[in-house]
Amino acid sequence: MEVTLRILRYDPEQDVAMGAPAAPAARTTSAAGSPVRGPHWVEYKVSVDPMDRVLDLLIKVKADQDGSLSFRRSCGHGICGSDAMLINGRNRLACRIRVDQLGKKISVAPLPGLPVVKDLIVDMNGFFGKYRSVKPYLINDQPEPERERRQSPADRTIYDDTTKCILCAACTSSCPSFWARPEYVGPAAIVQAHRFIFDSRDEGSDERLEILADENGVWRCRTIFNCVDACPRGINITRAILEVSSAIVGRRG
Amino acid sequence: MRHLGRKVIEEKLPDITDFARIYQGVEPLKEPVPVQPTAHYAMGGIPTNVNSEVVRDDKGTVVPGLFAAGECACVSVHGANRLGTNSLVDLLVFGRRAGRQMARYAGQVERPLPIADALEPVRAELEAIRGREPGGESVSVIRKELQDVMMDNVGVYRDATVLTVALNKVNELRSRYGKVSIADCGSVFNTELLEAQELGYLLDIALVTVTSALARTESRGAHSREDYPERDDKKWLKHTLAYQGKDGPNLRYKQVSITRFEPKPRTY
Ligand code: FES
Chain C
1 MEVTLRILRY
11 DPEQDVAMGA
21 PAAPAARTTS
31 AAGSPVRGPH
41 WVEYKVSVDP
51 MDRVLDLLIK
61 VKADQDGSLS
71 FRRSCGHGIC
81 GSDAMLINGR
91 NRLACRIRVD
101 QLGKKISVAP
111 LPGLPVVKDL
121 IVDMNGFFGK
131 YRSVKPYLIN
141 DQPEPERERR
151 QSPADRTIYD
161 DTTKCILCAA
171 CTSSCPSFWA
181 RPEYVGPAAI
191 VQAHRFIFDS
201 RDEGSDERLE
211 ILADENGVWR
221 CRTIFNCVDA
231 CPRGINITRA
241 ILEVSSAIVG
251 RRG
Chain G
1 MRHLGRKVIE
11 EKLPDITDFA
21 RIYQGVEPLK
31 EPVPVQPTAH
41 YAMGGIPTNV
51 NSEVVRDDKG
61 TVVPGLFAAG
71 ECACVSVHGA
81 NRLGTNSLVD
91 LLVFGRRAGR
101 QMARYAGQVE
111 RPLPIADALE
121 PVRAELEAIR
131 GREPGGESVS
141 VIRKELQDVM
151 MDNVGVYRDA
161 TVLTVALNKV
171 NELRSRYGKV
181 SIADCGSVFN
191 TELLEAQELG
201 YLLDIALVTV
211 TSALARTESR
221 GAHSREDYPE
231 RDDKKWLKHT
241 LAYQGKDGPN
251 LRYKQVSITR
261 FEPKPRTY
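Respectively, the protein sequence lines represent chains C and G.
Here our numbering is used: the first residue of the first sequence is 1, the next is one more, and so on.
Here our numbering is used: the first residue of the second sequence is 1, the next is one more, and so on.
All clues given are correct.
Restricting the straight-line Cα-Cα distance to at most 27 angstroms, the calculated cross-link-like pairs of lysine-lysine (BS3-like) are:
#	chain 1	residue 1	chain 2	residue 2
1	C	Lys60	G	Lys179
2	G	Lys144	G	Lys246
3	C	Lys45	C	Lys105
4	C	Lys164	G	Lys7
5	G	Lys246	G	Lys169
6	G	Lys238	G	Lys254
7	C	Lys45	G	Lys144
8	G	Lys144	C	Lys60
9	G	Lys254	G	Lys234
10	C	Lys60	G	Lys169
11	C	Lys164	G	Lys30
12	C	Lys164	G	Lys12
Just so you know, these hints were derived from the structure itself, not from any lab.
Could you build all of it, start to finish, from the sequences and the hints given here?
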């Protein structure tokens, strides 16, 4: 079958930057080839199998129609988190969503709310800066035991859900609170903090809860649930955020 | 997987279940999951010692300041056939040892010596691709042909006939690679240029793989020569080292150090 694939393209060496749109608000190009243009939609006809993923389509366009089309991908199987993008209006991993789930008209744009570097590639530095700000590593200054630090299956279950995060940024860049206030640490960083705060072997909860009680921390969450829809790993992100908020309240109380 | 029951499948095998659903449209709770062979790991790699320092020859001469760990490296914990989950050993043990050795190394040297003439050849290589007139050979076409020939002829079971077919094809692709051109001449995030450069490396590695496999007239681990089905420790209990030569790789060999585990046939 043939699908029409519209891609929001942008080349920093040829097009004029338009800032980071909070939503896919760019215009369809009327002046293709004109020297002054911003991010613009380009249409491709691609013949596909209904079981192809959007990533397959992008690879086909790059191979057969325009080698300059730029996007990130690595594992191709939903593990590395490289290819989150806005697909038919929702944040999805291109390697995990199939043509038969989308229909014959497919539009692809970069993740909203993040600065665009080129085509579907966004600048992830701010995102990873926030990730690092919550100390996403085991903190435990006790002397190293002889054997591994053990944990019961019940204790492991408490934070199982948040271990699934692959840092693709689909959640954070779908969040209206983040669009409105780019300083907000965002759902992904809170998920990563949750993974350690509720780990029985970790002793850094106080530091992390302090950071997340900040004005750009958990209180910015308005339980809009966009993040839960966006998460390709099916993490119940809003619940994780609420658990962290309760821990902050419990600590004060 | 059906015999395992819903609880085990969902709790213990979430990723594989998910893959079957998304990529095959198959419901593992109810239907059989189709399987097929694939290449999912590269055994062998950049030779290193147990501190993850790269070594350049059969005497273990260290290349100062160069480290490798993980799938790209060959400390040789896998023998001729990596067992399931053993790549974690490479990552965790030798990643850590690499980090420690790097810290020691950095503490000893005044300032790490950059390799004097490293930059220019790479720059020239990239500029050659970028400067070529469009309309030459296509990266994606050559890559696809390379994938096909390696899949068809350089799998686990091979013999001199199929390996020779592969050798000729890889050599043909290598000469065509000299004419690849790309559309993207930009300097920002040029993934087309990157893919073109990587294709050159893939062709190098393919040639090393095929040449070493042709030379090794025995069967061992994941190298199963149908024309030489037996393991031959007298002649072949040794590692292959490949050096870049003018017309393809030169092969040399390195002794295997055997400590606790003697090589023996896998019979299970
Ligand atoms: S390419 Fe790795 S998650 Fe999609």
